[in-house]
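Chemist: Position chain B against the provided structure of chain A, taking the given hints into account.
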Amino acid sequence: MSASAMIEKVKTFRHGIHPAEFKDYTKNLPIERIPFTNEYVLPLSQHLGGPSRAVVKPGDKVYRGQLIAEASGFVSATLHASVTGKVKAIESRNHPSGNLVKSIIIERDPYSPQTLHNERKIDWEKISPKEALREIQMGGFVGLGGAAFPTHVKLAVPPGKKARFFIINAAECEPYLTTDHRMMLEQADSMLLGIRISMKILGAEKAYIGIETNKPDAIEYLRQVIPSDMACEVAPVQTKYPQGAEKMLITAILKRDVPSGKLPIDAEVVVHNVGTLVGIGDLFKHGKPLIERVVTITGPGIHRPANLMIPLGMKLNQVLDYCGGLKENTRQLLFGGPMMGAPQSFLDVPIMKGTSGIVALTDKEVFPRKERACIRCSRCIDACPVFLNPSRLGSFARVKRYEEMMDFHLMDCIECASCSYVCPSSIPLVQRFRVAKGMLREKQARERAGKKS
Amino acid sequence: MKQKKPLLLLSTSPFLKQREDTTYIMWQVVYAMIPILVAAVYYFGISALLVTTACVAGTLLTEWVFTRDTIKDGSALITGILLALTLPPGIQLWMAFLGGVVSIALGKLIFGGIGYNIFNPALVGRAFVQSAFPVAITTWAPQSNLSDFFQVKGANFTFPFFKSNVDVVTTATPLAKMKFEGLTTHTMDLLIGNTAGSLGETCGIVILLAGLYLAFRKMLNWRIPVSIFGTVFIFSVILNLISPGVYPSSIFQIFSGGMMLGAVFMATDMVTSPITQKGCWIFGIGIGFLVVVIRLFGGLPEGVMYSILLMNGATPLINRMTQPKIYGAHK
Chain A
1 MSASAMIEKV
11 KTFRHGIHPA
21 EFKDYTKNLP
31 IERIPFTNEY
41 VLPLSQHLGG
51 PSRAVVKPGD
61 KVYRGQLIAE
71 ASGFVSATLH
81 ASVTGKVKAI
91 ESRNHPSGNL
101 VKSIIIERDP
111 YSPQTLHNER
121 KIDWEKISPK
131 EALREIQMGG
141 FVGLGGAAFP
151 THVKLAVPPG
161 KKARFFIINA
171 AECEPYLTTD
181 HRMMLEQADS
191 MLLGIRISMK
201 ILGAEKAYIG
211 IETNKPDAIE
221 YLRQVIPSDM
231 ACEVAPVQTK
241 YPQGAEKMLI
251 TAILKRDVPS
261 GKLPIDAEVV
271 VHNVGTLVGI
281 GDLFKHGKPL
291 IERVVTITGP
301 GIHRPANLMI
311 PLGMKLNQVL
321 DYCGGLKENT
331 RQLLFGGPMM
341 GAPQSFLDVP
351 IMKGTSGIVA
361 LTDKEVFPRK
371 ERACIRCSRC
381 IDACPVFLNP
391 SRLGSFARVK
401 RYEEMMDFHL
411 MDCIECASCS
421 YVCPSSIPLV
431 QRFRVAKGML
441 REKQARERAG
451 KKS
Chain B
1 MKQKKPLLLL
11 STSPFLKQRE
21 DTTYIMWQVV
31 YAMIPILVAA
41 VYYFGISALL
51 VTTACVAGTL
61 LTEWVFTRDT
71 IKDGSALITG
81 ILLALTLPPG
91 IQLWMAFLGG
101 VVSIALGKLI
111 FGGIGYNIFN
121 PALVGRAFVQ
131 SAFPVAITTW
141 APQSNLSDFF
151 QVKGANFTFP
161 FFKSNVDVVT
171 TATPLAKMKF
181 EGLTTHTMDL
191 LIGNTAGSLG
201 ETCGIVILLA
211 GLYLAFRKML
221 NWRIPVSIFG
231 TVFIFSVILN
241 LISPGVYPSS
251 IFQIFSGGMM
261 LGAVFMATDM
271 VTSPITQKGC
281 WIFGIGIGFL
291 VVVIRLFGGL
301 PEGVMYSILL
311 MNGATPLINR
321 MTQPKIYGAH
331 K
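First to last, the protein sequences are chains A and B.
Going by this note's numbering, 225 is the number at position 225 of the first sequence; the sequence numbering is gapless.
Going by this note's numbering, 41 is the number at position 41 of the second sequence; the sequence numbering is gapless.
So that you can see chain B by itself, here it is in the shape it has in the complex:
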């Protein structure tokens, strides 16, 4: 039998490949964040959408200007949405946009792009906004719960570098109330998000569900959130045993502020968290410990961002210390 010889390729094994690629993982994370965004829009109306758009525009535009080939993998989109979720709904949009630019430019591209950054890009952006615009980022608008969806919260549309002349209704976050006034917030309110705060730090239950989905699909390492929550819980219980009544309850610690978002979405960023399983436990315990220390003994009401950034810095060292023990190693 005579037949045409097919065009045969030469390469080396393996010739089978798992279908999941980087882009697929990134988009799964984006899908998981959609319910959180929906919750943010429900609580803060049109402002939530505006802030998210500004941040995403900042990250995508920066990524596009400097490097065209990684724009489609969704990583810049994730950074934009995550940054937006850490900002208050009433923040000036130009600040949010600038935060997005800094996230990508100084948080990621300066290290060599995706895979090479040491610090979580979204948190670098937020750290920049917090130090550059300390007032704007601590001005919290109360919730509207769809009643006045189209009412813009606070000073969203202020012209860049001009002083806001809008009179805004402000309120305090549960953590600030705790720190400065000694008031606790009802746990149920924290769970469903019936409190003031950043876009993504109000609705704990949605974030937890999104995290469970990602952990189940193996898109995030469950060891990190579990070790963070575990450490915060145990540390708070011990502190409460030592001097009852002085410190907030452990449940409050876990469900307030950026704890949920940070533990589930920020700390679990694959690039900036340890690669070994043992390393992930150390990483999570370190974050949990630092969060409680900063919250209770530091000058700031919230410490999740700095805790994660500090442990990001320690990640290369943790990786080095926790190399897996090989098969058949000499005892």
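With the rest of the complex left out, here is chain A:
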């Protein structure tokens, strides 16, 4: 293919930023399976929505892949034991969010071969879409890109709406992370099976795999392996942050916008992450629920960066030990990428369903910056992918005038942090927007409660 044809095909959205990628640490390292450790901590809340309800009690013997907690509602997820062993306790433990969260603690049985509980093949062609959706719901799947939204909720198309297009989010626009990249190269058959099943459930006409052009090997490989009978196409997208934001990817590939305040399904689209689809594929191949995931352990603070297959609930310090430990000048340890990830201070927090990466930054990358006055350089406006005016929002947020921020579309902010990244005055824009959103939501909840009583 000539260079000009390549450029023509690359799709993108308007605005955005170009941070350095830092993917060289791990992009060529095959996924390794980490050895089992002794204790696993499985928080009952590791997805968006209501926390799960434990169905086991301390002292119970559990098998790898066995259901240990059920969903507490439609927008919730089930939870399965990630190892064979004994339930040691159900108690509050450190959680990556910084809070103490009720968790099921499992002690591994050191003599168990750790084979999968109830291994089986599910013939997806024979069962109805509804039954297939039920299997996914029982498998405890959530979005593995980071937001951890229950998968079955997105796959259940509300009455009166259509999901004509299915987009596979393989942009992986966060710097440092390479899990989606490696999975596409190593587990493409599971992913393609996951795509087929999802398309059947959705009744989608066409699937697009949106991959940033910084992964040419994945683009080429998938083009070779996608069978001709599948209505699935690789859609190369520009390497630009936040290309992997749901709305941005839809706009890039389909040239249609998700209406403000609405969901992708309102634009006849459903988007799922690569990891989620690989998981769905594995569920139908072996009956394996979501009990482990691929995590990129990387950054200048890590001695031996790696892409690891880690059972859920393994503790952070054990994963770090496997990777040679942290360098002494590490200053920041993140779950997720550097643009939207969450910092960790306790090393005993567990790997969760939404943990896409562990990034360790050293004192060379992390240094305090003094906030200065806005000089209205308009860089934030040119960066914002949803066309807000972060400068203006920031001046309201600084003096806590949150109500007025609503008039400037605060609630449309996708919190991608592009504005904070470019700001030459180091104003913590997105950080303050998050606070503002939280305060407004709290206020709305209070008002609703007030009306009821």
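In short, the hints are calculated from the structure, not lab data.
Where is the CB? At the ideal position from N, CA and C, for every residue including glycine.
Heads up, a few of these hints could be off.
With a straight-line Cα cutoff of 20 angstroms, these simulated EDC-like cross-link-like pairs (lysine to aspartate or glutamate) come out [unchecked claim]:
1) Lys17(B) x Asp109(A)
2) Lys370(A) x Asp21(B)
3) Lys370(A) x Asp69(B)
4) Lys72(B) x Glu403(A)
5) Lys278(B) x Asp363(A)
6) Lys364(A) x Asp21(B)
7) Lys325(B) x Asp363(A)
8) Lys17(B) x Glu415(A)
9) Lys61(A) x Asp109(A)
10) Lys325(B) x Asp109(A)
Coverage of chain A stretches by chain B, computed from C-beta distances (three or more under 8 angstroms per stretch; other residues unrestricted) [as the list claims (entries may be wrong)]:
11) 128 to 136
12) 322 to 329
13) 342 to 353
14) 362 to 375
15) 387 to 395
16) 414 to 422
17) 429 to 441
Modeler: The following block gives chain B in isolation, referenced to the frame of chain A:
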């Protein structure tokens, strides 16, 4: 494996940050102005250096007296150099110094310092000098082109508030010649700066190159100069079509006076220009229109300063009117 637990910081994302900060942007602008200063020294000798030093001393000293923490970001230095570039080489140094003080004190600090000022500080300083010392600021020394580098132009060293008793050779700027005598100046002379004028309004080509550098580095919004030049050009062409021969050519309008310096360095001041792209177009068109109106129909030969200051005043309104349309907005 046992190891020392590193000291971990807690803050919220993002953890990556673009390196360019305010100070970096300001110093880039300072570097871009150095060739213009060199051109000024070439044309006006030691006087250009003296006037610039006086203005910069005024701005830096004022900034230092009132607020210590923003002195290093280079913004006061930019104001000082820009002010100097708008003054004639023969101006009394104490007036230049006072202009610098007023620029920072009344143009910037009174509003709350950098980021909060409404009007371009350098132009506030110049407006003050123009109204306080109307004679000194319209006394133009001819060029020396390095032939007598150390000869002081005009009354640089006059004691404050004393009447200058130096006999100076004066000449008229191209715009004054146009306005009051109906003479045009050769375009080539305007381009390379072979004319009388303020320090920074003679050499158009250097300013244009400096502007291109800054626009390329994304340190200034190219929409503003482009819309100013475009408006001045089109407006002049229309006027010339209506009554040929009465008005100067559009090329003359663009390359004479403070047009270049104003459009490239003054109007593009980030703090005092609109923040939205659409707003920048409106801002530039407004300045271009006002410049031509003042130059051709007003009492003054030059109108760039007042045009920019007027549009600075309109900037908050322009910002309010041109809020970006958000993604997925309801039609």
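Chemist: Provide an ascending list of the numbers of those earlier hints which the structure does not satisfy.
Modeler: 1, 4, 5, 7, 10 and 11
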